[in-house]
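Visitor: Sequence:
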Amino acid sequence: MEQAQVYENVDLQIIKLLFNSDGSDYKVYAVRILNPHPELKMTLTQEITVTGDMGYYNRRAIITADLVYDDADSLRYRKPSYKVARLHFGLPKEPRRQWQLIDTLLVHQPTVLRRLHDYFADDAPILTIFSKDEIKTARIPGVGPATVQKIATAIRGKLEVAVLANHWGKALSSMTYEKIWLAYKDAELAMQHVDANPYILMQVAQLDFKKVDAFAKSRGVAPNDSHRLAAGLQYIFRTAVLTQGLTYITITWFKEQAATLLGVSTDDLTMFADPKQALAYGFLLNEQYDLVTSCDMFATEGSVARIMAVAQKTAEPLIKPAELDEKLDKFLDRHQLVINDQQRAAFQNVNQHGLSVLNGSAGTGKTWLTNLLVHFFNAQAKGKSVLLAPTGRAAKVLARYTHEPAATIHAYLHLLPGEELDRFDAEADWETFGDARLIIVDESSMLTTPLAYTVLKNVNFKKAHVLFVGDVFQLPPIGPGNFLKDCLADDHVAATTLTRVYRQDSQSGVLALANRIRDRLALPFGPDDDRYVSGNVALYNQRDAGRVFDAGIKAYQEALAKHGHQPDSQLLIVNKNIGATGRLRFNAELQALVNPARAGEPEYVSSYVDPVTNQKHHLRLNDRVMILKNDKHVALVDPKTWERRAVLGENGLQKTDEFGTKRWRETIMANGDTGVVAHIDPKRHFLVVQVGNQYCYYSFGSVPRALTLAYAITVHKAQGGQADTVIAIVNGADRMLNAQSFYTALTRTQSQFIFFGDFRVLLARTKIYPIDSRHDLLGSLLSGQLTVDTFSRFTFEQILTWLDHQRHQGIQPRAAITAAKPEAATQPFAVRYTEQLDILNQVVEKVTKLPVKKATGEG
DNA sequence: CAAACTGG
1 MEQAQVYENV DLQIIKLLFN SDGSDYKVYA VRILNPHPEL KMTLTQEITV
51 TGDMGYYNRR AIITADLVYD DADSLRYRKP SYKVARLHFG LPKEPRRQWQ
101 LIDTLLVHQP TVLRRLHDYF ADDAPILTIF SKDEIKTARI PGVGPATVQK
151 IATAIRGKLE VAVLANHWGK ALSSMTYEKI WLAYKDAELA MQHVDANPYI
201 LMQVAQLDFK KVDAFAKSRG VAPNDSHRLA AGLQYIFRTA VLTQGLTYIT
251 ITWFKEQAAT LLGVSTDDLT MFADPKQALA YGFLLNEQYD LVTSCDMFAT
301 EGSVARIMAV AQKTAEPLIK PAELDEKLDK FLDRHQLVIN DQQRAAFQNV
351 NQHGLSVLNG SAGTGKTWLT NLLVHFFNAQ AKGKSVLLAP TGRAAKVLAR
401 YTHEPAATIH AYLHLLPGEE LDRFDAEADW ETFGDARLII VDESSMLTTP
451 LAYTVLKNVN FKKAHVLFVG DVFQLPPIGP GNFLKDCLAD DHVAATTLTR
501 VYRQDSQSGV LALANRIRDR LALPFGPDDD RYVSGNVALY NQRDAGRVFD
551 AGIKAYQEAL AKHGHQPDSQ LLIVNKNIGA TGRLRFNAEL QALVNPARAG
601 EPEYVSSYVD PVTNQKHHLR LNDRVMILKN DKHVALVDPK TWERRAVLGE
651 NGLQKTDEFG TKRWRETIMA NGDTGVVAHI DPKRHFLVVQ VGNQYCYYSF
701 GSVPRALTLA YAITVHKAQG GQADTVIAIV NGADRMLNAQ SFYTALTRTQ
751 SQFIFFGDFR VLLARTKIYP IDSRHDLLGS LLSGQLTVDT FSRFTFEQIL
801 TWLDHQRHQG IQPRAAITAA KPEAATQPFA VRYTEQLDIL NQVVEKVTKL
851 PVKKATGEG
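First residue of the first sequence: 1, per UniProt numbering; consecutive thereafter.
In silico SDA-like links for lysine to any residue, alpha-carbon gap of 20 Å or less:
(1) Lys313 / Phe461
(2) Lys217 / Met202
(3) Lys632 / Leu413
Derived CB-CB ranges, DEER-like:
(4) Asp186 / His492: 51 to 57 Å
(5) Ser265 / His805: 27 to 33 Å
(6) Ala124 / Leu182: 26 to 32 Å
Calculated from the structure, these hints are not laboratory results.
Source: prediction; values computed, not measured.
No residue lacks a Cβ here, since even glycine has one placed at the ideal position from N, Cα and C.
Please model the complete structure; the sequences and the hints are all you need to start from.
Guide: Okay, here's the thing in structure tokens:
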């Protein structure tokens, strides 16, 4: 085999970042070569691209690398491309290169730079000088001690990253070294902590378990090392249990999976034999039913169950129940409205119960009724309602419909994704929901139990009631729990289910088919039928994926020819992004057919090649696009001149309203909104997307993260949207398909539903209801089958106390970072475990002395 | 495998 030529010690200056892959360190930079090698291929301006696992570098940064020529990438970027074989850390030795580095370091302080050049000789090793302690006492004319200190610290950072890189070698990426140094700001401390427990890197450098595990293995950590087991068991529970929607699993299954996935014998998994040890690892065992769950998940589900019980006990009616009917009738008279009995029941539920649910499928008037509820209780209950939703798009729709402010749960509660337990800038005296009397959460089918918990734990049920609105037959959340279903199954939760359909013609085929699925009846056709056509539904049996694809394209073109390029006129719904009938392939093909490139017309072309499709992204005038970001702050463009004209919206908190409730800026552009490309300016590198009647500015640089083609979309993204003609596609090997996903696609239809796919697959998969197979403990806790105090060997108070203790001790890596250096260079988990056990025993002893609350019998 | 959330 031909040996690749390595070009060593090439100094490169970063020009720009061309491609940045999320979730990995793979980057593509355009760079300038500072010390040209005679054999290197390069452009006239000495430019090349470099690719590989690198840290993030700012423009003008200088790096030193060994390079290997990369023929394939050279075709992609129209420049000779090189792979980074090795990065050299630390300070360059030659004075000339040291000066180059300090030039880039001080690019924004030209005066300081000039004074350094004046004071030091050109052949002085400037970085080496600044890395010595003596620099503190040096007197450089015109450069103050604070500035000297700043430069020295920056250089020390570079040196310390080099120390880390030297210590661990190629086992970790340069990005990781930078993150570790930033976390500890002390190389020695970092090495001690990471060597003692490599798995701490999962938090420190946001690496996943598999990456850290490979690193730990290369460092000689044994497969049955306690740190490894602790991290590995949590990882398996998160990836194999919680993402399936489950919140617990059988001990037997978990033990077997853990042994297989971690490559250890079941004898090594000692936590399963000892409830106390399991607790130290963060798990709870229920030996009676052979169940195991994580402490965190149990605390969440248990807290939700408790809060729901409290809600029912402490809530007082918003207005006097005796007056409700009279006031409601007056309200309806004044607005000339009529409601049915189901809808009236919803008013009574909301008025009387701390927690209630409004359930109903598409077209039953949920949104219409929600609007009435908001305005009725706003007028009658002396305190404005707070409107929330799990997604930006749902919040936007709710705000538009009610003409009241609505926000995402995260935006309203000041939560950062992934850190929902704490507000990022909590004000001590801020009562979350102010004097609000009613909190409405729309699209509640998308709520995981942890997200429902973040809402519920902030509610004072003496003041306010909560209403969850949703359609339990839509897609369940991607994440643990089945919150809406559990609410509906619980006798104590006041639920209204709307069944009368107003939107669809009751004779329509779509409605009939949707009802069959809801009622769990067999679909009205066989696996070998050619087609099923009834009313506005047409399903075609097609087994070959290639033909399914072609049929979908053809149906879309026909719908387009009939109805034109109107928003919401036609929509192609798929189950997956990638694959032969995936979203990306459909969009590429539909764009080429529906909106092909025309000579002389401006185009947006991405500067990189999409690693999934192996193509560059193109956007042209009139392309249908979907917006992927929630924005409360949007630059608008004048559609006559295409000049930027105004900025709509502001970030952050609005003023307190007359009821003392904090109000929030609305989401102007939401993830999931669709629009049309209205203008492209290739010279000034921006394009304009028309969404509704607004023209929004997107710089070319923001396009990859902000926009995607929207001819075809996944069924998840289609939730909450409607189209006249819906074309649904099912691939023979579609594991995403189930009754709820098909139901969701079906109920997006306003006039015509067309389906292409294998009837055998459709018939088999629509027998699967995710709602049935998602097991959680919340349902059992609400029904009284389980109680929080008797699920495991520990009472709920003991579990919460233990979690609280763990959060404040060095077990959590974030706390470990701020903690003092460990006494010994390595501190095995076994040693720590006995300490933990002592503390655990103290905790258990202490809390058992507290008055024990019984589950029942207090009232 | 599917997706949601934010701030600077």
